[in-house]
Amino acid sequence: MLGIKKRDTKQVFKAIAHQQGVSVLEVKERIQSTIDEMYYSDDPDVQAEFSSYFGKKRPTPEEYVYTMATKIKY
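Position in the sequence shown (from 1) plus 2 gives the number in the working numbering.
Don't take each hint at face value.
Unchecked claim - Derived EDC-like pairs: lysine to aspartate or glutamate, alpha-carbon spacing no greater than 20 Å straight-line:
| id | residue 1 | residue 2 |
| --- | --- | --- |
| 1 | K58 | D38 |
| 2 | K58 | E28 |
| 3 | K59 | E39 |
| 4 | K30 | D45 |
| 5 | K16 | E39 |
| 6 | K73 | E51 |
| 7 | K59 | D47 |
| 8 | K58 | D45 |
| 9 | K73 | E28 |
| 10 | K16 | E64 |
| 11 | K16 | E51 |
| 12 | K30 | E64 |
| 13 | K73 | D47 |
| 14 | K8 | E39 |
| 15 | K12 | E31 |
| 16 | K59 | E31 |
| 17 | K59 | D45 |
| 18 | K8 | D45 |
| 19 | K8 | D44 |
| 20 | K16 | E31 |
| 21 | K7 | D47 |
| 22 | K8 | D47 |
| 23 | K58 | D47 |
| 24 | K16 | E28 |
| 25 | K30 | D44 |
| 26 | K59 | D38 |
| 27 | K12 | D47 |
| 28 | K7 | E65 |
| 29 | K12 | D44 |
| 30 | K30 | D10 |
Said to hold, decoys possible - Derived CB-CB ranges, DEER-like:
| id | residue 1 | residue 2 | range |
| --- | --- | --- | --- |
| 31 | A71 | L27 | 16 to 26 Å |
| 32 | Q34 | I6 | 32 to 42 Å |
| 33 | K16 | A50 | 16 to 26 Å |
| 34 | K73 | E39 | 32 to 42 Å |
It is worth saying that the hints were derived from the structure and are not from the lab. For each residue, glycine too, the CB sits at the ideal point set by N, CA and C.
My request is simple: use the sequences and hints to build the entire structure.
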């Protein structure tokens, strides 16, 4: 598990933006697009996985990054 705190997501967004050569806003928009695709997916497997992390709530990009980073196991 990564040692990340909720306040660290701002730095994560900056690092991704720098690495990808885009703005922080674009990083957040891309993450929001991914969230929306999963949230509104008709695929029951995608819905089940999404629900296992977030329940019925649609997370913000910050919540998504934090949750996914804390759930990753190496």
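Cross-check of the supplied hints:
Between K58 and D38 the alpha-carbon distance is near 13 Å, which keeps this suggested pair within the 20 Å criterion. With a CA separation close to 25 Å, the supplied pair K58 and E28 exceeds the 20 Å bound. Of the supplied pair hints, the one linking K59 and E39 holds, its CA atoms being roughly 14 Å apart against a limit of 20 Å. For the given pair, K30 sits about 24 Å from D45 by alpha-carbon distance, which is inconsistent with the 20 Å threshold.
Restraint check for K16 and E39: not satisfied, since their Cα atoms lie roughly 23 Å apart, outside the 20 Å limit. Between the alpha carbons of K73 and E51 the distance comes to roughly 12 Å, so the proposed pair stays at or under 20 Å and holds. At roughly 17 Å between alpha-carbon atoms, K59 and D47 fall within 20 Å of each other, so this suggested pair holds. As the CA atoms of K58 and D45 are separated by approximately 15 Å, the hinted pair is consistent with the 20 Å bound.
For the proposed pair K73 and E28, the alpha carbon gap of about 24 Å is over 20 Å, so the pair is violated. Straight-line distance between C-alpha atoms of K16 and E64 comes to about 12 Å, which keeps the hinted pair within the 20 Å bound. About 27 Å separates the Cα atoms of K16 and E51, which puts this hinted pair outside 20 Å; it is violated. With a C-alpha separation of about 8 Å, the suggested pair K30 and E64 falls inside the 20 Å cut-off, and the hint holds.
A C-alpha spacing of about 18 Å is found between K73 and D47, which places the hinted pair at or below 20 Å, so the restraint holds. The straight-line distance between the Cα atoms of K8 and E39 is roughly 23 Å, outside the 20 Å bound, and the hint therefore fails. Straight-line distance between C-alpha atoms of K12 and E31 comes to about 14 Å, which keeps the hinted pair within the 20 Å bound. Simply put, K59 and E31 have alpha-carbon atoms about 18 Å apart, close enough for the 20 Å limit, and the pair holds.
Pair hint K59 plus D45 holds up; C-alpha atoms about 17 Å apart against a cutoff of 20 Å. Pair hint K8 plus D45 does not hold up; C-alpha atoms about 29 Å apart against a cutoff of 20 Å. For the proposed pair K8 and D44, the alpha carbon gap of about 30 Å is over 20 Å, so the pair is violated. Only pairs whose Cα atoms come within 20 Å are accepted, and K16 paired with E31 is accepted, the gap being roughly 13 Å.
For the hint linking K7 to D47, the alpha-carbon distance of about 29 Å lies beyond 20 Å, and the restraint is violated. A C-alpha spacing of about 27 Å is found between K8 and D47, which places the hinted pair above 20 Å, so the restraint is violated. Restraint check: the Cα-Cα separation between K58 and D47 comes to about 15 Å, which is no more than 20 Å; the hinted pair holds. Distance restraint check for K16 and E28: the Cα-Cα separation of roughly 11 Å lies within the 20 Å cut-off, and the hinted pair is therefore satisfied.
A distance of roughly 23 Å separates the Cα atoms of K30 and D44; the hinted pair therefore is violated under the 20 Å criterion. With a C-alpha separation of about 11 Å, the suggested pairing of K59 with D38 holds against the 20 Å cut-off. Between the alpha carbons of K12 and D47 the distance comes to roughly 30 Å, so the proposed pair goes past 20 Å and is violated. Among the hinted pairs, K7 with E65 is consistent with the structure: their alpha-carbon atoms are about 11 Å apart, no more than 20 Å.
As the CA atoms of K12 and D44 are separated by approximately 31 Å, the hinted pair breaks the 20 Å bound. A distance of roughly 14 Å separates the Cα atoms of K30 and D10; the hinted pair therefore holds under the 20 Å criterion. Take A71 and L27: their Cβ atoms lie about 20 Å apart, and the range 16 to 26 Å holds. Between Q34 and I6 the C-beta distance comes to about 19 Å, which lies outside the given range of 32 to 42 Å.
With their beta carbons about 32 Å apart, K16 and A50 fall outside the hinted range of 16 to 26 Å. For K73 and E39, the hinted distance range of 32 to 42 Å is not satisfied, since their beta carbons lie about 18 Å from each other.
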